[in-house]
Amino acid sequence: MSLSLLETEDETMLRDAARGWLADNAPVAALRKMRDAGQAFDTGLWREMAAMGWSGVLVPESSGGAGMGHRAAGILAEEMGAVLAASPYLSSAVIAATALQGASEKLTAIAGGELVYALAVDEGTKHAPERARLHADRIGNGFRLSGTKVFVAEGASADRVLVLARTSGAAGDALGLTLFDIDAGRAGLSRTAKATVDSRDHAELRLEGVEATGEDVVGDVDNAMAVLAPALRAGQAGVAAEMLGVAGGAAAMTLGYLKERKQFDRTIGSFQALQHRAAHLWSELEVTASAVAHAGRMLDADPEAAEMAVSLAKARATKTADLAVREGVQMHGGIGMTDAYDIGFYMKRARVAAEWLGDYGYHAAKVAAARGF
Amino acid sequence: MSLSLLETEDETMLRDAARGWLADNAPVAALRKMRDAGQAFDTGLWREMAAMGWSGVLVPESSGGAGMGHRAAGILAEEMGAVLAASPYLSSAVIAATALQGASEKLTAIAGGELVYALAVDEGTKHAPERARLHADRIGNGFRLSGTKVFVAEGASADRVLVLARTSGAAGDALGLTLFDIDAGRAGLSRTAKATVDSRDHAELRLEGVEATGEDVVGDVDNAMAVLAPALRAGQAGVAAEMLGVAGGAAAMTLGYLKERKQFDRTIGSFQALQHRAAHLWSELEVTASAVAHAGRMLDADPEAAEMAVSLAKARATKTADLAVREGVQMHGGIGMTDAYDIGFYMKRARVAAEWLGDYGYHAAKVAAARGF
Amino acid sequence: MSDEAARLAAFRKDIAAWIDEACPASLRGRALGEDSIVWGGKGWAFAHADQKDWFDAAVAKGMTAPMWPTEVGGAGLTRPEEKIYREEMARLNAPPPLESFGLWMLGPALLHFGTPEQKAMHLPPVVRGEIRWCQGYSEPGAGSDLANVQTRAEDMGDHWLVNGQKIWTSYADKADWIFALVRTDRSAPKHKGISFMLIDMASEGVTTRPIRLISGKSPFCETFFDNVKVPKDYGAGGSAIVGELNRGWDVAKYLLTHEREMIGGGARGLLGGRSMGEFIGSLEESVAQDPVIRAEAMALEVDSLAFALTMERYKDRAEGGKGVGDASAMLKYYGTELNKRRYELLMSASGSAGVEWDGPHGSLAPEWLRTKANSIEGGTSEVMLDILSKRVLGMPSS
Amino acid sequence: MSDEAARLAAFRKDIAAWIDEACPASLRGRALGEDSIVWGGKGWAFAHADQKDWFDAAVAKGMTAPMWPTEVGGAGLTRPEEKIYREEMARLNAPPPLESFGLWMLGPALLHFGTPEQKAMHLPPVVRGEIRWCQGYSEPGAGSDLANVQTRAEDMGDHWLVNGQKIWTSYADKADWIFALVRTDRSAPKHKGISFMLIDMASEGVTTRPIRLISGKSPFCETFFDNVKVPKDYGAGGSAIVGELNRGWDVAKYLLTHEREMIGGGARGLLGGRSMGEFIGSLEESVAQDPVIRAEAMALEVDSLAFALTMERYKDRAEGGKGVGDASAMLKYYGTELNKRRYELLMSASGSAGVEWDGPHGSLAPEWLRTKANSIEGGTSEVMLDILSKRVLGMPSS
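Chains as they are written, first to last, in the working numbering: chain A, 1 to 373; chain B, 1 to 373; chain C, 1 to 398; chain D, 1 to 398.
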């Protein structure tokens, strides 16, 4: 694969435009305001993003989307991460839009920002799709779904939810799973918003005899992975890109502080011990940026072969964001510990994103498996 | 346990005396000389150590030893480590003397430095006594031993070898093992000295039908662990102490270099990035010193309960020596890479000692097991 | 057994019997949380009768300040006795009867620098939990540069007139008195001209404002002094200044050393007496099998045990009259960095359940965020490493 | 498919066919070791006919210097073509036909700073492997302070008189020529007054002495210049000085950047094309199950793959005309530290078999020790981090 990881001119324009718009419309202050108001994201803002084509980034132009592809989607996610812009972008525009490939009407609604999707996959504290136990029992021509899903991003606010359910086999089997597309208001579905440290929407979903028909099945019964796996890969690459942005945003804030803050009559950025740590952090960021760009390129060029590239990106981004926010808070000193300052928001988002769709160990193990161990 | 880890006055005197004598008689230059001559240790020097009571450090006074105990043995090992003094001290005076408790004549010979022992326990590349396969078959009233032992410290030069052999059960069983005390010249025993990076004596032993009698069995048949486990603990605590000394010696050499070497018209020890790394290294050394002292105290106070303390010391000492030698070579720059300079010898000994009698993961897992996981 | 050993064995038996009798069963073995600590002070209200009974029994025996002299209400224990006392407290799962900045900080300062009058006036109320103290060192913008004190005390003859602002004052809103660094000579160099002053928080012109942290509510406050009159002499002959006038930096440095030793070992939290492995073992099975988590848990267990031994060794050394001095910076550095690592692993092991503000692991998430301050408060890790490299290792200045 | 893509696809097919035909099967898929490298030079002897055949074929096609202009004997490939060439070389397991400091270092310097005469004189012999070069930068005692050049060249009218000593000169004992930093103006400030000089190693007064490393024998030498006469002009109009007189530091800096990019990615060794996991999987079963080793192996695999992508990204960037400049310090820093980590893990995974000088894993132990120099030679990691923080991140000087 001789894919160049350099940005094309179009990509650089997209990045610049996104950065400018986000700085004006969705700075960290906006997240703070929403948090203080107990709100997970700003619907108005999401409509504006939709108007710019972001919600249709992966939707073909034939279905009313922008059809920009995964590398572009990653650039948008990275820029959103850099300012901690909260939106259903990854859940709806990246994950659901990938899972629902071919379902033109739904894609059109996603692209228009009218329909917000969530993905309900995990039931334990760690990402493990194949361990799903939520069961869909066949009743007549349809199904009845019962069980609990946790850590559902946008779970409390989404209009529809993609629910992974077991139609056969036992927990641990990759086969025997089916993906359902369920209206969030359907009888028997209850949603409990959880207060997570990143002030975003992560909900627990309880399904008690929720009825579904064959129409609601995405892809084929007992073979959810055929549609879910590409969607997960897209989401994992997306959250990796977001975390690269989170890391970069935290690092930029920290480097700025080092250049401006004075102690012991010196700019603290002149202390060599801090300089070396800053340079090391920057090096990690550069290496992670390559992995994130590569994941996007691979998803665009050869999605079926992209699994290792995606896991590489998520593993690297998780570690790098962790380093960036830890160094960020420490180098800010006392002020970084206060809620009045923004750096803590980066630490909180990095922690939540670290767990979403597979943690470091999960993805590092995938890379190792792809490399034969 | 309210054991104080502070040194007693006697211990400090022992340390000071050892340090002074070793500086005069066994500096790193002595190891270099032996290496260049292809010699593993200096028999004359070992006799002098014996004359000071070091070879009898664990031998009761009633058997002609000094009966100083494990904490004192650790202090000697640490001081030897600090100058990389090569001798059969750990193999013979610490390990064999512990295994042969009660065998007064042998202990007297060990204490006198006349008899040098080696311990042959491992057969694979990692320490794992219970995986021994070398078999001792009962022939008439005696045994016939066949198999191979590797990484036998002092294996090529020892007068006698304690050989762990399987008399029943299968590889992996802790029971069914028997410890034999074999003369190194016995028929069927061949020894191959290996050129290891630390220039010490590590040999492969091949036993082809070596005959032994019940007289040669140490402790009870099929129950080697009763005598071997205490000997291993003593040896592990001893090598941990030696590695603390290796770490301390490398660190001292490095700190001295930092204070003296000039670059860019400044003493390099004035560069804050190096200062912080030096301070971190010193912190690790202090924490490891506590673990090493504690292991010695526990072996003296309650040897049966000392397993976790010993593993804690070996795990910490392995990590700390590794850090000290890596920082040592790097901070010395180019000169540290030359064979003409001493710091490389520390790196080499640290690597070999890291593997001997259980590596970091082996001992960290023992600590974890003792703490319930 | 030596005479000393026999004496200590008898002491162990006696003190254990006393704890067992005096400390009600209801207090034993609880997780130590903010809500179960007895801080004392004028406004203090015990949570329940058992807590008060234990406190009263300890005060009566001097065991709220076991190593302080009996004249000021302590128990006058030697270091080996105090060690045994703590071991038996831990074994019997008894909580400390009283904790306070008076015990940890002001007391050591007065015992070392105070006049007999100051000791007599201030220490007994600390031992008896009647007066709660807070510490006023940091100022806005000064950060690690603690000697950069701008709060000034002007000499008005019979009193000092104090104006300025402190930050990071723990529990200022609940404290009765504050010990603070104030500038008493503005013409002297930075480290000179500072005095260590005792101020009644009820004085007119003292106000406080709590600081919200990234972990949520916090005990930290901003404290404002607006024309606060501090009498030069508090009646009973006790000066408001501890140590010499304009030499407050000496007292502060002494206390900083003391504080560092304490902070390094003072990691309190979720794990309680449980090992990291027990915690992880209580989670989903896949977590304990993850090599990344398991390797770090093993390393943490190793480092934590070795560090705990090191705390003991240093305490023994300090008691042996050799002092610890600047090397205490190591305890502060190592202990706080270790605690941050510990909470990172707890969060990672807890997965999505850990990221809730108040999820199945209770206050794990806010505690995790709170640990990030460990390596900042009481001197940053960077300042500790500077101290170690310059003053312990003798590295040259640049 | 765009025209360009179609063109590149055709190129890939052609170049693959050429490699497949020109590179004998006996050379394919061997572990790359010191003994299988073709270095060229006057004293060079091929190991066997197949090696010479492959070399001759490559010289004929310009493929010893694929991106150099055809005028000097290169193949004039574009960056995308060169990338495809390397990919196909890797796929077909073909070894580089020639490696040398002439290709890596002198060539780029001359292509950027050389006169037409210098290029014409020196580059074709490099491409054809006729002349082997070495690099004379470091001096005893100077360490990281490369500009501290004491070797001096005095202007004697028609020649320079060179006296001094270089250290860490790789293969000085086997090289035909040396490019060296010499001081041509002793009154100028440190970074001025240095010139970049080309010297024939056969000149009278040049001697070398090999340096033994902690890893054993090494290609490094000390090189001594004792009244060496260097003609100002080498006949064919080529000056002995590259770039301007007294501005050799510019050339050196340019080459250092270039060297850093190369060293960062140039980790060669035991693993060859194998992954860390394959290596570990070939060891005793217990090793792969050890969580400490497994966790680090996974982390190394992740970091190595991401770093390899980063090398490619930076090469693409450099080719795009944007240059890489000081950021190359990151490649040098990261790549060498990664390689040291890799060898630490290999040693740890190999256990007692790894500590033999020549055990079952061959030269593992000396290679491990040799990696320790990676983060020292060509600029220490500390110097790289200084460059990054000051020149890339814009941190202020102290």
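These are computed hints drawn from the structure, not numbers from a lab. Hints may contain errors.
[What the hints assert, rightly or not] Quick list of in silico lysine-lysine cross-link-like pairs, PhoX-like style, CA-CA up to 20 angstroms:
#1 A:K259 to D:K232
#2 C:K190 to A:K33
#3 A:K194 to A:K33
#4 C:K42 to B:K259
#5 D:K253 to A:K262
#6 C:K315 to C:K253
#7 D:K253 to D:K174
#8 D:K232 to D:K119
#9 B:K262 to C:K390
#10 B:K262 to D:K217
#11 B:K33 to D:K232
#12 A:K262 to C:K217
Results of checking the hints against the structure:
Distance restraint check for K259 (chain A) and K232 (chain D): the Cα-Cα separation of roughly 48 angstroms exceeds the 20 angstroms cut-off, and the hinted pair is therefore not satisfied. For the hint linking K190 (chain C) to K33 (chain A), the alpha-carbon distance of about 41 angstroms lies beyond 20 angstroms, and the restraint is violated. Restraint check: the Cα-Cα separation between K194 (chain A) and K33 (chain A) comes to about 18 angstroms, which is no more than 20 angstroms; the hinted pair holds. Straight-line distance between C-alpha atoms of K42 (chain C) and K259 (chain B) comes to about 54 angstroms, which puts the hinted pair past the 20 angstroms bound.
Of the supplied pair hints, the one linking K253 (chain D) and K262 (chain A) is violated, its CA atoms being roughly 33 angstroms apart against a limit of 20 angstroms. Of the pairs offered as hints, the one joining K315 (chain C) and K253 (chain C) holds, with about 18 angstroms between alpha carbons and a cut-off of 20 angstroms not exceeded. Taking the CA atoms of K253 (chain D) and K174 (chain D), the gap is near 25 angstroms; set against the 20 angstroms cutoff, the hint is violated. Simply put, K232 (chain D) and K119 (chain D) have alpha-carbon atoms about 16 angstroms apart, close enough for the 20 angstroms limit, and the pair holds.
In summary, the hint linking K262 (chain B) to K390 (chain C) is supported, as the alpha carbons are separated by about 17 angstroms, within the 20 angstroms threshold. For the suggested pair K262 (chain B) and K217 (chain D), the alpha carbons sit about 28 angstroms apart, so the restraint of at most 20 angstroms is broken. Pair hint K33 (chain B) plus K232 (chain D) does not hold up; C-alpha atoms about 48 angstroms apart against a cutoff of 20 angstroms. Proposed proximity of K262 (chain A) and K217 (chain C) is contradicted: the alpha carbons are some 28 angstroms apart, above 20 angstroms.
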